[in-house]
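> Line order of the protein sequences matches chains A and B. Read left to right, the first sequence gives residues 0 to 347 (numbering that gives the first Met the number 0). Read left to right, the second sequence gives residues 0 to 347 (numbering that gives the first Met the number 0).
Just so you know, these hints were derived from the structure itself, not from any lab. Please note: incorrect hints may appear among the correct ones.
In this list, chains with the same sequence are indistinguishable; a pair is considered to hold if it fits within one copy or across any two.
[Unchecked claim] With a cut-off of at most 27 Å between alpha-carbon atoms, the simulated DSS-like pairs for lysine-lysine come out as follows:
1) Lys83 - Lys49
2) Lys316 - Lys169
3) Lys134 - Lys49
4) Lys190 - Lys162
5) Lys6 - Lys83
6) Lys162 - Lys134
7) Lys134 - Lys190
Protein chains: 2
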Amino acid sequence: MTQPSAKALVPFVSVDNMMRLVNHIGIEQVLRDLATYIEEDFRRWELFDKTPRVASHSDVGVIELMPTSDGEAYGFKYVNGHPKNTSEGLQTVTAFGLLADVYTGYPVLLTEMTLLTALRTAAMSAVAARYLAPKGADTMAMIGNGAQSEFQSLAMKAILGLKTVRLYDKDAAATEKCARNLSGTGLTVVKCTTPEEAIRGARILTTCTADKQNARILTDNMVGAGVHINAIGGDCPGKTELASGILSRAQVFVEYPEQTRIEGEIQQMPPDFPVTELWQVLAGTARGRSDDRQITLFDSVGFAIEDFSALRYVRDKVRDTPYHTDLDMLADPDDPRDLFGMLHRASL
Amino acid sequence: MTQPSAKALVPFVSVDNMMRLVNHIGIEQVLRDLATYIEEDFRRWELFDKTPRVASHSDVGVIELMPTSDGEAYGFKYVNGHPKNTSEGLQTVTAFGLLADVYTGYPVLLTEMTLLTALRTAAMSAVAARYLAPKGADTMAMIGNGAQSEFQSLAMKAILGLKTVRLYDKDAAATEKCARNLSGTGLTVVKCTTPEEAIRGARILTTCTADKQNARILTDNMVGAGVHINAIGGDCPGKTELASGILSRAQVFVEYPEQTRIEGEIQQMPPDFPVTELWQVLAGTARGRSDDRQITLFDSVGFAIEDFSALRYVRDKVRDTPYHTDLDMLADPDDPRDLFGMLHRASL
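Please build the complete structure, drawing on both the sequences and the hints.
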């Protein structure tokens, strides 16, 4: 056997290596870095090749491909969503992603993206909050203490300077787990037993629950003036977390309206319900928060460009580390026309 | 570090292992097996989730995702097309693919697909020829002696009983390479110096050239009655190989009309040009060849279901062999809600 050439090898970041990479850099630094990469890409939003997810639905779940390109790099994420998996000891969501060179079409990175998606989702929320939350907001209510809750809390600390997080989950064990994980991070953690208690004094309200049906985690009378709502959990048709009365009173910011109107909180509202595209706020062409009493809402569903930013970051960071292995994934005959000869010679 | 559970590991077939697998089974047996898998899937064509490729174009090439699902398994192929790559010592086309379980959304196979695509394309051609070529046809003209030519020739031998192949390429070195690779396979190989010489006595005419512009590898007066044309090379807008007069005289069979009308030979014809869907011939609901004097044409562009068949085959065959490695690609915390805890514990 001849060895494949370097060009035919694709760096692969396993789950194990992703954990090593993140722990090596430090999770708060990773979150800050991801925020920087996301901001860069949101500022040049218009040059991206944007397309809605390519979804394949079944009775029990969905498998999606989320591609995008900035003209130099091409990225896509594979992600599934199977709520019934948890009861079978499997993950609801698993993901991996690929980055390729547009000029050659060759993949340049294959990586796990379950952890990476959790990190980029949290960094995205903190970027939005930096532009939308009231000045000086340093207390957050974290409603829903599942897999995303610690990442959200730490990103708000690392990027926005959050000091206190007030936890609530209808399952007290989830709150205990989140509080335990956040101990020693420098955040003041308050465990609450009702949503009303959790939002007391909080000027950032993050909802991240897993209810499948239309839910009302926050009702209209719970939300007063001068708060920023970071709504993470509503992310597919039929799945929302906020009472529509809140949406009517809020200035709503979204990633990609074509997708959010189908998947986000605003699926409850008419198709012409006014929204602001977040990238325009970052680019300086649209206004973020206009005054201290406004209610701002980031209706987050996750968009391919955020994954692209995360893939770019991992490619840049992993390059000179041992935290990857090389996959012999691309056939590379010496003579491009002699694929058959390569196969035949391998048998000798 | 705890080890990831078996559920979190994805079998990966590298280029090296694909070559070992194919050489272990024997290439002619692989081609026959692939033909069987393709026939199975074409017969149940209607239950597949079909979508045109998701393409991202640039000035120098294209990157495509080709997904499909039969409701039990989901597959997609990543494939690029960069004609200028050859001059830079890179492949024009590289590909890899993934198969997943629709019920869980978990990937079950990641594999190189450059070699696998060459094999499935050849098997597909031979399946079509079995239904469309004149009875007893045992001589093929192979026009274009590039990377696909040996695979085409061997598939026609293994699946159809081809005895003689008559080679022509405008580059004599390609013909020499193809003839050398086919020596010892049992095929009678005749090297020709003109297309006219190559088609002499051949009742199957395979065209597989790389001309980018609209070409006329076969002109109208070269094609007489009672032949089957297997047109492989025309596979993107602006790339065709046959004079339109041939199309007018032929009964044209296609994979997926929506895609072939854009990419295939029939892009030269009006949008309502009559075609027969090949799957209907295999399912017995449409007629294949109707008489010995008919000209049949398989206008092949390649469709996602063929890749799906190939992915199914590799999954089935590789299972109990050493020809794969396991990739730690899916995050698998003991408690699905404790992704953060898994990351944190990895740092201890």
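> Now tell me if each hint is right for this structure.
These are the hints, each one checked on the structure:
{"no.": "1", "hint": "Lys83 - Lys49", "in the structure": "between (30 Å within a copy, 26 Å between copies)"}
{"no.": "2", "hint": "Lys316 - Lys169", "in the structure": "neither (38 Å within a copy, 47 Å between copies)"}
{"no.": "3", "hint": "Lys134 - Lys49", "in the structure": "neither (33 Å within a copy, 50 Å between copies)"}
{"no.": "4", "hint": "Lys190 - Lys162", "in the structure": "within (15 Å within a copy, 79 Å between copies)"}
{"no.": "5", "hint": "Lys6 - Lys83", "in the structure": "between (41 Å within a copy, 16 Å between copies)"}
{"no.": "6", "hint": "Lys162 - Lys134", "in the structure": "within (14 Å within a copy, 81 Å between copies)"}
{"no.": "7", "hint": "Lys134 - Lys190", "in the structure": "within (25 Å within a copy, 79 Å between copies)"}
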